[in-house]
Amino acid sequence: MTEFLASPAGVLALTVAQTLALLVPVLIAVAYLTWAERKVLAAMQLRQGPAVVGPFGMLQPFADAIKMLMKETIIPTGASRLLFLAAPMLTFLLAMLAWAVIPVNDGWAIADINVGILYLFAISSLGVYGVIIAGWASNSKYAFLGALRSAAQMVSYEVSIGLVIVTVLLCVGSLNLTEIVRAQETVWFVIPLLPMFVIFFISALAETNRAPFDLPEGESELVAGFFVEYSSMSFALFFLGEYANMILMSALATILFLGGWLPPLDIAPFTWVPGPVWFALKVAACLFVFIWVRATFPRFRYDQLMRLGWKVFLPFSLLWVVLTAAVLKLTGWLPA
Amino acid sequence: MIAGLAFYFFAFVLIAAAVMVVTARNPVHSVIWLIACFFNAAALFLFAGAEFLAMILVIVYVGAVAVLFLFVVMMLDVDFSQLRQGFQRYAPLGGVVGGILLLELVLIMAAWRFAGEAEAFRAFPVPEGVGNTEALGAILYTDHIYLFQLSGLILLVAMIGAIVLTLRDRVGTKRQDPATQIARSSEVTLTRPELGQGIRREDIQRPLPPAPKAAPKPVDHEGGHH
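The listed protein sequences derive, respectively, from chains A and B. For reference, each letter of the first sequence is one residue, going 0 to 335 in numbering that gives the first Met the number 0. For reference, each letter of the second sequence is one residue, going 0 to 225 in numbering that gives the first Met the number 0.
If you are wondering where the hints come from, they were derived from the structure by calculation, not from laboratory data. Incorrect hints may appear among the rest.
[What the hints assert, rightly or not] Below 30 Å or equal to it, Euclidean Cα-Cα: the simulated BS3-like pairs (lysine-lysine) are: (1) A:K310 <-> B:K173; (2) A:K66 <-> A:K140; (3) A:K140 <-> B:K173.
Build out the structure end to end from the sequences listed, making use of the hints.
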């Protein structure tokens with residue numbers, strides 16, 4: 000058995016098995032996130048939400064998926080066919096690709112690479128292509144305007160996310176995601192770096208095009224923004240990609256600030272719970288806040304969005320990087 | 000063996016994509032081929048063991064620069080037939096520039112290959128047991144911090160220059176100042192008037208009513224006629 004696992008075919012088989020073991024739960028989580036969002040929003044608005052299909056409407060995501068599959072795929076006249084179909088695939092692919100480096104428990108990452116955080120940053124910065132290509136290939140004014148908004152928005156907020164990541168890296172001294180979690184054994188970074196966590200979370204909302212920053216699809220002015228021309232499974236892929244990105248950003252927040260798989264206190268009742276369960280609980284808590292924000296805040300105006308990103312977050316996070324570096328240097332806590 | 004094959008695969012795709020950048024008819028397709036080039040170059044960096052450079056290439060060039068390219072190209076209203084007219088005129092110039100670059104590359108590679116002492120010129124060999132992120136960081140921020148800061152300053156000057164060149168002070172724009180808006184909020188209060196009494200404030204300042212127009216001088220129609 001060990002001989003087989005060491006051979007190239009064995010390595011390949013093992014990687015495929017690991018990938019399936021990670022992606023199948025992620026996909027189920029995506030399906031149930033759509034259900035949870037409708038349930039939570041309904042509870043916040045004193046409604047019932049999905050309650051007909053299955054117990055508590057739990058089978059609703061699958062009913063939706065079957066309905067989507069039955070619909071006709073429409074490609075508009077004048078659309079760039081290849082790119083039009085490639086854009087939703089790209090969005091979904093990138094949302095799945097990033098999971099390769101996420102450590103769910105100590106040493107449970109599929110690829111435990113040295114520059115894991117840079118890999119995640121690179122993948123999340125590619126997400127804009129799905130949107131921009133969809134907007135252009137649709138050959139529609141609404142879609143195009145949505146795509147342009149989205150491109151500007153995502154590029155702007157990546158800058159502050161980058162600086163937030165730099166602050167965390169200063170405290171860790173490594174770009175490896177497992178090392179980042181291990182560095183939080185004494186204290187989770189959310190406590191010393193609370194302002195950066197807030198900035199990261201708000202930027203994550205903007206990066207995933209979620210309310211109150213869902214301008215790319217602002218239905219009151221752009222109908223549905225960049226995916227207005229999409230139907231059937233191509234629309235579903237955008238939809239699933241958005242939710243998978245939300246889970247990914249929550250996982251990233253968990254790893255960077257909430258101590259990944261670590262229990263809140265290193266004492267008996269907390270240590271009985273296995274690491275992946277803690278990880279999932281923290282991700283779920285972040286996702287709840289994503290939905291809570293959507294139920295609470297109205298949509299930002301476009302100029303206010305840009306002002307917040309460039310004039311508030313960027314200077315503040317830059318200041319905080321300098322401050323963190325100075326404190327670490329003066330107190331001698333700088334990791335070797 | 001597998002690594003060698005993969006290297007040639009990525010190198011071939013890189014060159015093919017580069018050719019497509021130049022020959023694609025639609026500029027948007029050109030930019031997408033360019034992105035493919037960046038990806039393959041990142042893969043080649045990974046083969047060379049430069050994982051930091053590979054990731055930075057994807058983040059900076061694919062994630063930011065190419066997005067701006069795509070942005071601009073999509074906004075432009077390009078007339079394709081006009082673009083093709085220029086091809087005959089610019090082809091020799093492009094060929095010469097490309098030829099010079101190729102020649103330089105060949106010369107550098109040849110000199111590197113044949114000079115025995117070339118390896119000694121490598122100023123900063125990667126130290127043992129240190130990841131290349133750390134090694135690069137040490138060179139940039141510790142050994143050459145002043146040069147690094149200087150290059151940063153040059154970029155800052157370029158940025159300020161670009162802003163100064165394009166900034167126009169337009170008249171009549173309405174600016175929103177969130178600070179004043181937030182500061183003002185305490186002036187607005189809610190009151191609960193007595194039922195049937197209504198609310199009447201004596202000190203409220205309303206804009207003065209417009210001055211009554213001067214009454215038109217009555218034209219005397221009576222008695223003037225004969």
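Review point. Is K310 of chain A within 30 Å of K173 of chain B, Cα to Cα?
Key: Status holds; Cα separation ~18 Å.
Exercise for review: Mind checking the alpha carbons of K66 of chain A and K140 of chain A for me, to see if they're no more than 30 Å apart?
Suggested key: holds (28 Å)
**Study point:** 30 Å limit on alpha-carbon distance, applied to hinted pair K140 of chain A and K173 of chain B
**Key:** Distance ~27 Å between K140 of chain A and K173 of chain B Cα, so the pair holds.
In the structure shown, no violation is registered for any of the earlier numbered hints.
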